[in-house]
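Here are the chains, one letter per residue:
Protein chains: 2
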Amino acid sequence: MSSPARPKPRASYHHGNLKAALLAAAEELIAESGSAQLTLRECARRAGVSPAAPAHHFGNLLGLLEHIATLGFEDLASDMESTQTSLPPAARLRAMGEAYVRFALRSPGRFRVTFGEKIRPSESANEKLRAAAERAFGLLESEVARIRKPAQVLQQTVLLWSTVHGLATLLLDQRLNTLVSASGSGAPFETLGREVLDQLQRMCEAVQEADPEEPAV
Amino acid sequence: MSSPARPKPRASYHHGNLKAALLAAAEELIAESGSAQLTLRECARRAGVSPAAPAHHFGNLLGLLEHIATLGFEDLASDMESTQTSLPPAARLRAMGEAYVRFALRSPGRFRVTFGEKIRPSESANEKLRAAAERAFGLLESEVARIRKPAQVLQQTVLLWSTVHGLATLLLDQRLNTLVSASGSGAPFETLGREVLDQLQRMCEAVQEADPEEPAV
DNA sequence: CCGAAATCTGAACGCCGTCAAGATTTTCCC
DNA sequence: GGGAAAATCTTGACGGCGTTCAGATTTCGG
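Chains as they are written, first to last, in our numbering: chain G, 4 to 220; chain B, 4 to 220.
There's no promise every hint is true.
As the list claims (entries may be wrong) - Here are the computed distance ranges between Cβ atoms for each label pair:
{"no.": "1", "chain 1": "B", "residue 1": "SER36", "chain 2": "G", "residue 2": "LYS131", "range": "49 to 57 Å"}
{"no.": "2", "chain 1": "B", "residue 1": "HIS59", "chain 2": "G", "residue 2": "GLU193", "range": "26 to 34 Å"}
{"no.": "3", "chain 1": "B", "residue 1": "ALA39", "chain 2": "G", "residue 2": "ALA23", "range": "20 to 28 Å"}
{"no.": "4", "chain 1": "B", "residue 1": "ASN20", "chain 2": "G", "residue 2": "GLN40", "range": "47 to 55 Å"}
{"no.": "5", "chain 1": "G", "residue 1": "GLU130", "chain 2": "B", "residue 2": "SER81", "range": "39 to 47 Å"}
{"no.": "6", "chain 1": "B", "residue 1": "GLY66", "chain 2": "G", "residue 2": "LYS152", "range": "47 to 55 Å"}
{"no.": "7", "chain 1": "B", "residue 1": "ALA134", "chain 2": "G", "residue 2": "THR194", "range": "21 to 29 Å"}
{"no.": "8", "chain 1": "G", "residue 1": "GLN87", "chain 2": "B", "residue 2": "LEU90", "range": "39 to 47 Å"}
Unchecked claim - Anything over 12 Å on all C-beta distances counts as not near chain G; from chain B, calculated:
{"no.": "9", "residue": "ALA14"}
{"no.": "10", "residue": "ILE33"}
{"no.": "11", "residue": "GLY37"}
{"no.": "12", "residue": "SER89"}
{"no.": "13", "residue": "ALA98"}
{"no.": "14", "residue": "ARG115"}
{"no.": "15", "residue": "PRO124"}
{"no.": "16", "residue": "GLN159"}
{"no.": "17", "residue": "VAL199"}
These aren't lab readings, by the way, just hints derived from the structure by calculation. The structure displayed is predicted, hence computed values, not measured ones. Idealized CB from N, CA, C, for every residue including glycine.
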């Protein structure tokens, strides 16, 4: 009675906080055992409501996924944005990459949905989704513009994005498990990820040929 | 009559080539519209067979996916292996990366399954799957060993793998669509991919500090 | 040639997403 | 305050899915 709605067998007809509860259940499910286990019915079950209830908040399953993906891109952008602006470009780029990978490992469910097959920011009718995705990429790009000639900014940005995205994906899917141990090293993944980013920064700095006077765009 | 079994309304009770037909239908489906559209029933339908037939060849859906994934890793390994061994290490690594991305774009269905969430080479009971995955990684690693000190081989290998994997994934999912056009360039993706690999090779060669005399491992 | 193994069918089960119609609660305006 | 309108949730149904199982059909080895 004191707390109105939270526990599973709720007292009132209305849930009171269903949208948030469904989102939480969804990310929980994906983090537990992959997005294949994510079903609207199971989310509804965990929230203690009927199977048809989610439709009123998200329309359909894709709606829920796009909502989570939007949160994911916004998380990503704000994490990357809040890296220290005082750092030299290569160091800040490295910090951004670290933020990217850390986000993936911290919120695996959200990350997997955000970059899952079903999410197509370029095709979706969801305007916030596209905006959030472009904002994250823009952050990376404007930082790259400080260390590369204008003609190389795009390819360098895509290169860095690809690397951190690939690293995050491989780590999250534990696809480096057998490979690493098969190579004789039993280092934990957090360490391996850091070493890879070290190497990336080193390679990045080794190609310093830009003119920092021309901010380019 | 002349050809025994191929067309949809087959004449005999037995299909004759069902396993291959199901694999073909599966990759076709995923290439068409994502792995969400891949269903055993639809594969069976396209092969002109009852919904329960696939179970006798693959056990269940995961069995079919693991079979495709094994083919994918073997494709990948043989594509990478058949790059020119006469090239200098950095150039051959670049060729391997190009083979990786090209494989993804040429066989999108197979690639998506191979690196999809459901495939866990490190956990699967499928021995061929794990072997094929390790072989592909080993190729990359032994080539990296020619240009890096032993202590840096692992991280450099993971870095390269991450980059090409991320690039292939982002290209395949058309996730660079809005970003590229939003950046003012309308270059086709094949070109962008090549430029990114150019940049990667450049960065790789800029950090030449290894002793090629010590093959490491 | 015949029995065993391989291959495929048909029917069923439970789960899924989704929709439509109705019940219940809240909100909001008069 | 009170009552219509909107928001929220339930119930029941539909078709599609993966999977299982008993049985029909074909192939193959001895």
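Structure-based check of all given hints:
At roughly 25 Å, the beta carbons of B/SER36 and G/LYS131 sit outside the given window of 49 to 57 Å. Between B/HIS59 and G/GLU193 the CB atoms are about 44 Å apart, so this pair departs from the stated range of 26 to 34 Å. In this structure, B/ALA39 and G/ALA23 meet the distance hint of 20 to 28 Å, their C-beta atoms being roughly 26 Å apart. Against the hinted window of 47 to 55 Å, the Cβ-Cβ separation of B/ASN20 and G/GLN40 comes to about 34 Å, which falls outside the hint.
In this structure the hint that G/GLU130 and B/SER81 lie 39 to 47 Å apart at CB holds, the actual value being about 45 Å. Look at B/GLY66 against G/LYS152: about 51 Å separates their beta carbons, and that is inside 47 to 55 Å. Between B/ALA134 and G/THR194, the C-beta spacing of about 27 Å keeps the proposed range 21 to 29 Å intact. The supplied range of 39 to 47 Å is met by G/GLN87 and B/LEU90, whose beta-carbon atoms lie about 41 Å from each other.
Every CB of chain G lies more than 12 Å from the CB of B/ALA14, the least distance being 38 Å, so the non-interface label holds. Its closest Cβ contact with chain G, about 10 Å, brings B/ILE33 to no more than 12 Å, contrary to its assignment away from the interface. With a closest Cβ-Cβ approach of about 5 Å to chain G, B/GLY37 is found to fall inside the 12 Å limit, against its non-interface label. With a cut of 12 Å on Cβ distances, B/SER89 stays outside the contact zone with chain G, its closest approach being about 25 Å.
Listed as outside the interface, B/ALA98 is consistent with that label: its C-beta sits roughly 17 Å from the nearest C-beta of chain G, beyond the 12 Å cut-off. Against the 12 Å criterion, B/ARG115 falls within the reach of chain G, whose nearest CB is about 7 Å from its own CB. Non-interface call for B/PRO124 relative to chain G: violated, since the shortest CB-CB distance, roughly 6 Å, does not exceed 12 Å. With a least beta-carbon separation of about 6 Å from chain G, B/GLN159 fails to lie farther than 12 Å from that chain, contradicting its non-interface assignment.
In this structure B/VAL199 is not separated from chain G by more than 12 Å, as the shortest Cβ-Cβ distance comes to only about 5 Å.
The structure shown violates the earlier hints numbered 1, 2, 4, 10, 11, 14, 15, 16 and 17.
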